[in-house]
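For the record, the sequence lines run as chains P and W.
Position 183 (the first sequence) corresponds to 183 in my numbering; numbering is contiguous.
Position 317 (the second sequence) corresponds to 317 in my numbering; numbering is contiguous.
Do not take every clue at face value.
Claimed, not checked - Simulated pairs of lysine-lysine, DSSO-like, Cα-Cα distance not exceeding 30 Å:
| # | chain 1 | residue 1 | chain 2 | residue 2 |
| --- | --- | --- | --- | --- |
| 1 | P | K201 | W | K6 |
| 2 | P | K108 | W | K19 |
| 3 | W | K222 | P | K201 |
| 4 | W | K102 | P | K208 |
| 5 | W | K103 | P | K208 |
| 6 | W | K127 | P | K201 |
| 7 | W | K103 | P | K201 |
| 8 | W | K106 | P | K208 |
| 9 | W | K102 | P | K201 |
| 10 | P | K201 | W | K107 |
| 11 | W | K169 | W | K225 |
| 12 | W | K111 | P | K102 |
| 13 | P | K102 | W | K102 |
| 14 | W | K127 | P | K215 |
| 15 | P | K215 | W | K102 |
| 16 | P | K102 | W | K103 |
| 17 | W | K222 | W | K19 |
| 18 | P | K215 | W | K106 |
| 19 | W | K19 | P | K102 |
| 20 | P | K102 | W | K73 |
| 21 | W | K73 | P | K208 |
| 22 | W | K73 | W | K111 |
| 23 | P | K294 | W | K127 |
| 24 | P | K208 | W | K114 |
| 25 | P | K208 | W | K127 |
| 26 | W | K73 | P | K108 |
| 27 | W | K114 | P | K201 |
| 28 | P | K208 | W | K107 |
| 29 | P | K201 | W | K73 |
| 30 | W | K103 | P | K215 |
| 31 | W | K111 | P | K208 |
| 32 | P | K102 | P | K286 |
| 33 | P | K201 | W | K106 |
Stated by the list, open to error - Take a look, some chain W residues computed to stay more than 12 Å from chain P by CB distance:
| # | residue |
| --- | --- |
| 34 | G63 |
| 35 | Q81 |
| 36 | K106 |
| 37 | E115 |
| 38 | R172 |
| 39 | K177 |
| 40 | V197 |
Read the hints as simulated data drawn from the structure, not as lab findings.
If you're wondering where the values come from, they're calculated on a predicted model, not measured in any experiment.
A virtual CB, placed ideally from N, CA and C, is assigned to each residue, including glycine.
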Amino acid sequence: MKKEIVVKEKASNQKEGKRGTKPHGLVPCLLLGVGVLFFLIMLVFPLAEVIYRSLKEGLEVYGAAIMAENTLSALKVTLIATIIAVLVNTFFGLCASWCLTKFDFRGKNILSTLIDIPFSVSPVIAGLAYLMVFGRMGWATPYVEKINEFLGTDIALVFSVPGVVLATIFVTFPFVSRELIPVMQAQGTAEEEAAVMLGAKGSTVFRKVTFPHIKWALLYGIILCAARAFGEFGAVYAVSKARGKTFTLPLEVDALYMAGSAESITQAFAVSSLLVLLSIIILVLKQIVEYRGKREL
Amino acid sequence: MYVEMKHINKNFGDFEAAKDIDFGIEQGKLVALLGPSGSGKTTILRMIAGLETQDSGDVVIEGEVVNDIPAGKRGIGFVFQNYALFRYMTVWENIAFGLRVKKTSKKEINKRVKELVQLVGLEGMEKRYPDQLSGGQRQRVAFARALAPSPQLLLLDEPFAAIDAKVRKELRDWLKKMIAKVGITSIFVTHDQDEAVEVADEIIIINEGKLEQMGTPVEIYKRPKTSFVSQFIGTSSVIDSFAGFKGFDEIKENSQVIIRPEFVEVFKSDNEKFKSLLPASEEGVITEISFRGSYLELTLEVNGVSITANRSLERRSVEIGERMHVLLYRVYLLEEDDARLYKNSLLKGVDVEAL
Ligand SMILES: Nc1ncnc2c1ncn2[C@@H]1O[C@H](COP(=O)(O)OP(=O)(O)O)[C@@H](O)[C@H]1O
Ligand SMILES: [Mg+2]
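Build out the structure end to end from the sequences listed, making use of the hints.
Put into C-alpha cells, the structure is as follows:
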C-alpha cells in the first residue's frame, strides 16, 4: 500500500517537474548567482586586494615591511596573546563544560549564562572595563601594586603585554566551552559512570572515556579560539597604546594605515597579508578537523 | 543478609523517589526489583551502587555500612540500562578496563579477559567495537566487563530492555545460567513481570518509591499483600461494585474485588464434570472472545459486571451471546491498601484443586 502511494507521488512530481522546469531551474540559479557574487564582493575581492596591494611595490618593499621592527614586535605580541589565550581558555573551557554537563548543582544556569557574556559584550567595552579596574584610577590597581611589591616584580595589567593577554582571554573565553558543551551533553554520563563503577579515578575517566569523545570538538574550539584571538582589535585597542611594544598585528595594521603616506599604506597591506595567511592556515586546519571528526562519528 | 537497605529515603527536589525502603538480600540470590516505569527502581539500584546518595538510611553490604564508601570501592559490578559500553574501545579493551585501572599485571589481565570472553561466548570478536555488535552481544560484553574485577555483587538495570523481543527469552535463560555459574549475588531491575517471575529467586515489588512486597514469585502471585501487587501481578480485572455472587455473602455490597482469569470456571449447562457445582455458579453471557495463541480469552457479563476467563482450545467451542455458567473459586477483596483472599463458601468440602 505505502509503496504504491510513494510511486504515484513520484510520478506526479515528475510530470509537474517537466512542466515547470524553467522557473524551478531559474530561481536556484539566480540565488546561487547572487550568493556567489556576494561572496566575491564581500570576501574574495577584498582579500585578493590585500595580497595584490601588499605585493604591488615588489617583494623587496614587502619584505622590508614584514621585517620592520614594529611588525616583528606586533607579531610576537600577537602570538604570545594567542597562545596564552588558547591555553587558558582550553583549560577553563574544559573545566566549565565538564562541570555543566556531567554534574548537577545549584547555579548551573547562571554559570552557563556567564560563560556567554563575552559573546554579547562589545570587545571595546570589555577593554574599557579592564581599564576601569586595573588602570591608574582602577580599584584593583593598589592590590596589583602590593602584589608586585611582595613579589618584587613590576607587572602592569594595562598598557602592557599582560593587559593585552587578559583582554584577548576575555573575548575568546566562550569558544572552547561552546563547542564542547553540546558534544558532552549528547554523550551523557553513562560511560563515565561505568568507568567509575569499575574503579577508575577522575583523571583516568577523563583521559580514557571523556576525551576520545570530545577531542575533535575540542580541537575545533581551539582553532576558533585562536582565530578570534589573533584577529581581535577592539578589546586590545583599549588596553594597548605603545606601538612597537604592546601593539598586536591588527593594531599595527591600523597604525600604518592611519599614518596615511603611500608607503605606510603599502606596509599596512603587507602586514595584513600576514593575518590573511594565518587565517588561511586556520581555515585549512578547521576543514581537516571537521572532516576527521565527521568521519569518526 | 548480604545486602541490606535500611530505611532509605531519597528526594529529588520535593519529589520523593524512595520512601523508607527497607529490605535484605541473602548471599547468592538472584533478586528482581519489579515495578512500573518511574517507580524508583533505578534510583534504588544506583543508591546500592553508590552512584546516588540517599538522604537518610543505611546501605549495608556484607555487614558493613557503605554510605561513605565511593562507588568504585564497593566491589559492585553494574550493567547499565543501555550497557554504556566504551564506544572508543574494543570488546577486549572494554572488558580489560576494570583490571587495567587496578594496575593488574599484563599477564593476569590477558588471562582473565580470555576467560571472560570464553564465558560469555564472544571468542573472535575481541577486536570489534561496540557499534559492530548486536544487542545481545553488547549485553554479553557489558556483563563480562562488570564481572572482570571479580565483584561480590552484580547490579543490572533493565538488562533486557534494549533487546529484540525474539531473542529476549533466550538471553534471559542465558543470563540466569551465567549468574548461577558464577555464583554471584545479583539484583536486576525490570518492569516486566514475566521476566521477574521467570528469572528471579525473589521479587521485590516497588510502586511510587515504596516497597510493596518482597517474596518468591509464587508467594507474590498467590498471596499479594497489597492492592497494588494484586493488580500488578498476573492479568486481573478489577471490579468496582461486586455484589450478589453466590458463595460470597461475607463480602459487603459495592466492595472492590479483583478477579483473575484462573479464579473463574466457565462451563456449558450440560457439562457433566461440573454438574455438582451448578448451585455455586452464576449465569452469564459471552460478550467477547479473543484468541490468545494457545487459549481463548472470554469476557462475560455476569450480574452486571464483566469478568474475564480463559478457555482451553481443547474444550467445546463457544460463541458470542451464548449463555454460560460461571463459577468463581475465589476473589481478592481490596480494602484500602490490603488485599484479602475470599474463597467461595459454597465450595467448602469440595476439592477444588482436583477438578
Ligand atoms: N536525577 C534526577 N533528578 C530528578 N528526578 C529524578 C532523577 N532521577 C530520577 N528521578 C525521578 O525519580 C523517579 C524514579 O525514577 P527511576 O528510579 O529512574 O524509576 P524507574 O527506574 O523505576 O523507572 C522518576 O519519577 C524520575 O523522574
Ligand atoms: Mg529505570
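Hints, verified against the model:
Restraint check for P/K201 and W/K6: satisfied, since their Cα atoms lie roughly 29 Å apart, inside the 30 Å limit. Pair hint P/K108 plus W/K19 holds up; C-alpha atoms about 28 Å apart against a cutoff of 30 Å. Taking the CA atoms of W/K222 and P/K201, the gap is about 48 Å. The hint is violated against a cut of 30 Å. With a C-alpha separation of about 14 Å, the suggested pair W/K102 and P/K208 falls inside the 30 Å cut-off, and the hint holds.
A distance of roughly 15 Å separates the Cα atoms of W/K103 and P/K208; the hinted pair therefore holds under the 30 Å criterion. Distance restraint check for W/K127 and P/K201: the Cα-Cα separation of roughly 25 Å lies within the 30 Å cut-off, and the hinted pair is therefore satisfied. Proposed proximity of W/K103 and P/K201 is supported: the alpha carbons are some 12 Å apart, at most 30 Å. The straight-line distance between the Cα atoms of W/K106 and P/K208 is roughly 18 Å, inside the 30 Å bound, and the hint therefore holds.
Taking the CA atoms of W/K102 and P/K201, the gap is about 10 Å. The hint holds against a cut of 30 Å. Only pairs whose Cα atoms come within 30 Å are accepted, and P/K201 paired with W/K107 is accepted, the gap being roughly 23 Å. Taking the CA atoms of W/K169 and W/K225, the gap is about 29 Å. The hint holds against a cut of 30 Å. This hinted pair does not check out: W/K111 and P/K102 have alpha carbons roughly 34 Å apart, beyond 30 Å.
A hinted pair counts as satisfied when its Cα atoms are at most 30 Å apart, and P/K102 with W/K102 qualifies at roughly 24 Å. With a CA separation close to 22 Å, the supplied pair W/K127 and P/K215 stays within the 30 Å bound. Between P/K215 and W/K102, the direct Cα distance comes to roughly 25 Å. Compliance with the 30 Å bound is thereby established for this hinted pair. For the proposed pair P/K102 and W/K103, the alpha carbon gap of about 26 Å is at most 30 Å, so the pair holds.
Between the alpha carbons of W/K222 and W/K19 the distance comes to roughly 26 Å, so the proposed pair stays at or under 30 Å and holds. At roughly 28 Å between alpha-carbon atoms, P/K215 and W/K106 fall within 30 Å of each other, so this suggested pair holds. For the hint linking W/K19 to P/K102, the alpha-carbon distance of about 27 Å falls within 30 Å, and the restraint holds. A distance of roughly 21 Å separates the Cα atoms of P/K102 and W/K73; the hinted pair therefore holds under the 30 Å criterion.
For the given pair, W/K73 sits about 19 Å from P/K208 by alpha-carbon distance, which is consistent with the 30 Å threshold. For a cut-off of 30 Å, the pair hint linking W/K73 to W/K111 stands: about 23 Å separates their Cα positions. Of the supplied pair hints, the one linking P/K294 and W/K127 holds, its CA atoms being roughly 22 Å apart against a limit of 30 Å. Under the criterion of a C-alpha separation no larger than 30 Å, the hint pairing P/K208 with W/K114 is consistent with the structure, at around 22 Å.
For the suggested pair P/K208 and W/K127, the alpha carbons sit about 17 Å apart, so the restraint of at most 30 Å is met. A threshold of 30 Å between alpha carbons decides the hint, and for W/K73 with P/K108 the separation of about 29 Å falls inside it, so the pair holds. Distance restraint check for W/K114 and P/K201: the Cα-Cα separation of roughly 25 Å lies within the 30 Å cut-off, and the hinted pair is therefore satisfied. Simply put, P/K208 and W/K107 have alpha-carbon atoms about 21 Å apart, close enough for the 30 Å limit, and the pair holds.
About 11 Å separates the Cα atoms of P/K201 and W/K73, which keeps this hinted pair within 30 Å; it holds. Between W/K103 and P/K215 the alpha-carbon distance is near 26 Å, which keeps this suggested pair within the 30 Å criterion. A threshold of 30 Å between alpha carbons decides the hint, and for W/K111 with P/K208 the separation of about 22 Å falls inside it, so the pair holds. Distance restraint check for P/K102 and P/K286: the Cα-Cα separation of roughly 27 Å lies within the 30 Å cut-off, and the hinted pair is therefore satisfied.
Between P/K201 and W/K106, the direct Cα distance comes to roughly 20 Å. Compliance with the 30 Å bound is thereby established for this hinted pair. Every beta carbon of chain P lies more than 12 Å from that of W/G63, the smallest distance being close to 22 Å; the non-interface claim holds. Annotated as non-interface, W/Q81 brings its C-beta within 12 Å of a C-beta of chain P; the closest such distance is 8 Å. Listed as outside the interface, W/K106 is consistent with that label: its C-beta sits roughly 17 Å from the nearest C-beta of chain P, beyond the 12 Å cut-off.
At the 12 Å boundary, the C-beta of W/E115 stays outside the reach of chain P, the nearest C-beta of that chain being 17 Å off. No Cβ of chain P approaches the Cβ of W/R172 within 12 Å, the least distance being about 22 Å, so the stated non-interface status holds. No Cβ of chain P comes within 12 Å of the Cβ of W/K177; the nearest lies about 24 Å off, and the non-interface call holds. With 12 Å as the threshold on Cβ separation, the claim that W/V197 sits away from chain P holds: the shortest Cβ distance comes to roughly 28 Å.
Consistency note: the structure conflicts with the earlier hints numbered 3, 12, 35.
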